[in-house]
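**Q** This is what each chain is made of:
Number of protein chains: 2
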Amino acid sequence: MANASDLVMDEEVSYNPQILLKKAHAATSSIGSATVIIAMLEKSGTLKIANVGDCGLRILRKGQVVFSTAPQEHFFDCPYQLSSELIGQTYRDATLCSVELTEGDTIVMGSDGLFDNVFDHEIVSVISKIQNAVEAAKALAELASNHSVDTTFDSPYALEARNMGFDVPWWQRILGKKLTGGKLDDITVIVGQVIRASID
Amino acid sequence: MANASDLVMDEEVSYNPQILLKKAHAATSSIGSATVIIAMLEKSGTLKIANVGDCGLRILRKGQVVFSTAPQEHFFDCPYQLSSELIGQTYRDATLCSVELTEGDTIVMGSDGLFDNVFDHEIVSVISKIQNAVEAAKALAELASNHSVDTTFDSPYALEARNMGFDVPWWQRILGKKLTGGKLDDITVIVGQVIRASID
Numbered sequence: 001m002a003n004a005s006d007l008v009m010d011e012e013v014s015y016n017p018q019i020l021l022k023k024a025h026a027a028t029s030s031i032g033s034a035t036v037i038i039a040m041l042e043k044s045g046t047l048k049i050a051n052v053g054d055c056g057l058r059i060l061r062k063g064q065v066v067f068s069t070a071p072q073e074h075f076f077d078c079p080y081q082l083s084s085e086l087i088g089q090t091y092r093d094a095t096l097c098s099v100e101l102t103e104g105d106t107i108v109m110g111s112d113g114l115f116d117n118v119f120d121h122e123i124v125s126v127i128s129k130i131q132n133a134v135e136a137a138k139a140l141a142e143l144a145s146n147h148s149v150d151t152t153f154d155s156p157y158a159l160e161a162r163n164m165g166f167d168v169p170w171w172q173r174i175l176g177k178k179l180t181g182g183k184l185d186d187i188t189v190i191v192g193q194v195i196r197a198s199i200d
Numbered sequence: 001m002a003n004a005s006d007l008v009m010d011e012e013v014s015y016n017p018q019i020l021l022k023k024a025h026a027a028t029s030s031i032g033s034a035t036v037i038i039a040m041l042e043k044s045g046t047l048k049i050a051n052v053g054d055c056g057l058r059i060l061r062k063g064q065v066v067f068s069t070a071p072q073e074h075f076f077d078c079p080y081q082l083s084s085e086l087i088g089q090t091y092r093d094a095t096l097c098s099v100e101l102t103e104g105d106t107i108v109m110g111s112d113g114l115f116d117n118v119f120d121h122e123i124v125s126v127i128s129k130i131q132n133a134v135e136a137a138k139a140l141a142e143l144a145s146n147h148s149v150d151t152t153f154d155s156p157y158a159l160e161a162r163n164m165g166f167d168v169p170w171w172q173r174i175l176g177k178k179l180t181g182g183k184l185d186d187i188t189v190i191v192g193q194v195i196r197a198s199i200d
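Read top to bottom, the protein sequences are chains H and V.
Using full-length UniProt numbering, the first residue of the first sequence is number 1, and each one after it goes up by one.
Using full-length UniProt numbering, the first residue of the second sequence is number 1, and each one after it goes up by one.
In case anyone wonders, no lab produced these hints; they're calculated from the structure.
Quick reminder that beta carbons are idealized off the backbone N, C-alpha and C, glycines included.
One thing to keep in mind: the hints can contain errors.
[What the hints assert, rightly or not] Derived DEER-like restraints, expressed as beta-carbon distance ranges:
{"id": "1", "chain 1": "H", "residue 1": "Glu-42", "chain 2": "V", "residue 2": "Ser-29", "range": "33 to 41 Å"}
{"id": "2", "chain 1": "V", "residue 1": "Arg-162", "chain 2": "H", "residue 2": "His-74", "range": "25 to 33 Å"}
{"id": "3", "chain 1": "H", "residue 1": "Ile-130", "chain 2": "V", "residue 2": "Ile-174", "range": "52 to 60 Å"}
{"id": "4", "chain 1": "H", "residue 1": "Asn-132", "chain 2": "V", "residue 2": "Gly-32", "range": "38 to 46 Å"}
{"id": "5", "chain 1": "H", "residue 1": "Gly-165", "chain 2": "V", "residue 2": "Ser-29", "range": "21 to 29 Å"}
{"id": "6", "chain 1": "H", "residue 1": "Asn-132", "chain 2": "V", "residue 2": "Ile-87", "range": "33 to 41 Å"}
{"id": "7", "chain 1": "H", "residue 1": "Met-164", "chain 2": "V", "residue 2": "Trp-171", "range": "28 to 36 Å"}
[To be verified] Dumping the calculated DSS-like pairs for lysine-lysine here, alpha-carbon to alpha-carbon at most 27 Å:
{"id": "8", "chain 1": "V", "residue 1": "Lys-62", "chain 2": "H", "residue 2": "Lys-48"}
{"id": "9", "chain 1": "V", "residue 1": "Lys-48", "chain 2": "V", "residue 2": "Lys-62"}
{"id": "10", "chain 1": "V", "residue 1": "Lys-22", "chain 2": "H", "residue 2": "Lys-43"}
{"id": "11", "chain 1": "V", "residue 1": "Lys-178", "chain 2": "H", "residue 2": "Lys-178"}
[Said to hold, decoys possible] In silico contact screen, one side only, chain V against chain H (beta carbon under 7 Å); selected entries:
{"id": "12", "residue": "Asp-6"}
{"id": "13", "residue": "Val-65"}
{"id": "14", "residue": "Ser-68"}
{"id": "15", "residue": "Gln-72"}
{"id": "16", "residue": "Cys-97"}
{"id": "17", "residue": "Val-99"}
{"id": "18", "residue": "His-121"}
{"id": "19", "residue": "Asn-163"}
{"id": "20", "residue": "Gly-165"}
{"id": "21", "residue": "Val-168"}
{"id": "22", "residue": "Trp-171"}
{"id": "23", "residue": "Ile-174"}
{"id": "24", "residue": "Gly-176"}
Using the sequences provided together with the hints, build the complete structure.
**A** Next comes the structure, spelled out in structure tokens:
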């Protein structure tokens, strides 16, 4: 992501998040792999998004989520990733979309550590209570962290796992138990607010 | 929607779904109100979407949902609507977004009668089994219809209702019961497949 940050103003990138992803990936020498989401806001108000894997982005407007990205996975819990090896996905596999923003919108971006542990309606609730973007991001990260270690919380991750057919053994199910709990993972949260630029 | 269809090639519309929505709404004389979603596919592969209310659209690629619209509601079960009266929303309230499509993508659009009764993973399952778009749309509509009258089905609608705090009385809850069931509603489903245009 440091490379992506350095290359934002690169001429060839020219507000195209897919090209930024391609160049940032090519400039990366670290060993390993990662899911990536990039969002670039044009002056016109268009937010252009490139997404590889299970990071996510939500747009909140008037107290509701009006836009949401979808994760890409090979199968449950195995997301698309950019890698330092020849295996893995490339910028060509990114889902590319855009959304028109208006003043007052809130952008919430994060890794799967956020979205596996926090429901959209909880994100809406936090954002409605905390105006400051930095404080809101901290609160969301803390909520995700708390849920991630709560074995009784019926998290988005547990819900998805049950949808995929994973659950507690049958003898626990007939006792009324079910698979619950958050997901221990690294958690990244970015919150941005759309305000009108002051005229120079 | 007949007006929207008639106005697709209108010069002023020029592949802008928000302008199409504005003109189609203005041309409507029927009394009542409706939620609306419009999607226009440009030759470049960009699908441009304008959405007012709780209709929805999903893009399926390689067996998964890679793009999804979010519904707009004033509160639970009360969607944004275009109306014949002065109350209600206008084209200005539409969520505007776009997504880059590739060959092989499947577009699933529908009213809330579909998305309140059928989970995304069920849509993926139906589309993976039925190649023909018309047959797939019929199968999805039938699945939605069956779920809508199934009082034991734990539908997306029931899940959302419980998230919003609606449930069976406490004495039923301590007996292990919960609010379930589909939602009786009119159901519209459109399925499209992205194929390469033959060169004239």
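**Q** Indicate, hint by hint, whether the structure satisfies it.
**A** Outcome of the hint check:
Against the hinted window of 33 to 41 Å, the Cβ-Cβ separation of Glu-42 of chain H and Ser-29 of chain V comes to about 38 Å, which satisfies the hint. In this structure the hint that Arg-162 of chain V and His-74 of chain H lie 25 to 33 Å apart at CB holds, the actual value being about 31 Å. Checking the proposed 52 to 60 Å range against Ile-130 of chain H and Ile-174 of chain V shows it is violated: the Cβ atoms sit about 35 Å from each other. For Asn-132 of chain H paired with Gly-32 of chain V, a C-beta distance near 43 Å keeps the hint of 38 to 46 Å intact.
Judged by the Cβ atoms, the range 21 to 29 Å given for Gly-165 of chain H and Ser-29 of chain V is violated: they are separated by roughly 51 Å. The hinted window of 33 to 41 Å between Asn-132 of chain H and Ile-87 of chain V holds, with their beta carbons roughly 35 Å apart. Checking the proposed 28 to 36 Å range against Met-164 of chain H and Trp-171 of chain V shows it holds: the Cβ atoms sit about 33 Å from each other. With a C-alpha separation of about 23 Å, the suggested pair Lys-62 of chain V and Lys-48 of chain H falls inside the 27 Å cut-off, and the hint holds.
Between Lys-48 of chain V and Lys-62 of chain V the CA atoms are separated by roughly 21 Å; this keeps the pair inside 27 Å, and the hint holds. Proposed proximity of Lys-22 of chain V and Lys-43 of chain H is supported: the alpha carbons are some 24 Å apart, at most 27 Å. With a C-alpha separation of about 14 Å, the suggested pairing of Lys-178 of chain V with Lys-178 of chain H holds against the 27 Å cut-off. With its C-beta approaching chain H no nearer than about 25 Å, Asp-6 of chain V sits outside the 7 Å limit, and its interface hint is violated.
Restraint check, Val-65 of chain V versus chain H: the minimum CB separation of about 5 Å is within 7 Å; hint holds. With a cut of 7 Å, the hint placing Ser-68 of chain V at the interface with chain H holds, because the nearest CB-to-CB distance is about 5 Å. Contact between Gln-72 of chain V and chain H, as hinted, is supported at the beta carbon level, the nearest pair being about 6 Å apart and thus within 7 Å. Given the 7 Å rule on beta carbons, the hint for Cys-97 of chain V holds: about 4 Å separates it from the nearest Cβ of chain H.
Hint on Val-99 of chain V holds. Least Cβ distance to chain H is approximately 4 Å, under the 7 Å limit. About 6 Å separates the beta-carbon of His-121 of chain V from the nearest beta-carbon of chain H, less than 7 Å, and the hint is met. The closest approach between the C-beta of Asn-163 of chain V and any C-beta of chain H is roughly 6 Å, which is under the 7 Å cut-off, so the hint is satisfied. Of the supplied interface hints, the one on Gly-165 of chain V is violated, with its beta-carbon coming no nearer than about 10 Å to a beta-carbon of chain H, more than 7 Å.
Residue-level restraint check for Val-168 of chain V is violated (minimum Cβ-Cβ distance to chain H is 15 Å; threshold 7 Å). For the restraint placing Trp-171 of chain V at the interface with chain H, the shortest Cβ-Cβ distance is roughly 16 Å, beyond the 7 Å limit, so the hint is violated. At its closest, the beta carbon of Ile-174 of chain V sits 11 Å from a beta carbon of chain H; the interface hint therefore is violated under the 7 Å criterion. Taken as an interface hint, Gly-176 of chain V checks out: its beta carbon lies about 6 Å from the nearest beta carbon of chain H, inside 7 Å.
Hint check: violations occur at hints 3, 5, 12, 20, 21, 22, 23; the rest are consistent with the structure.
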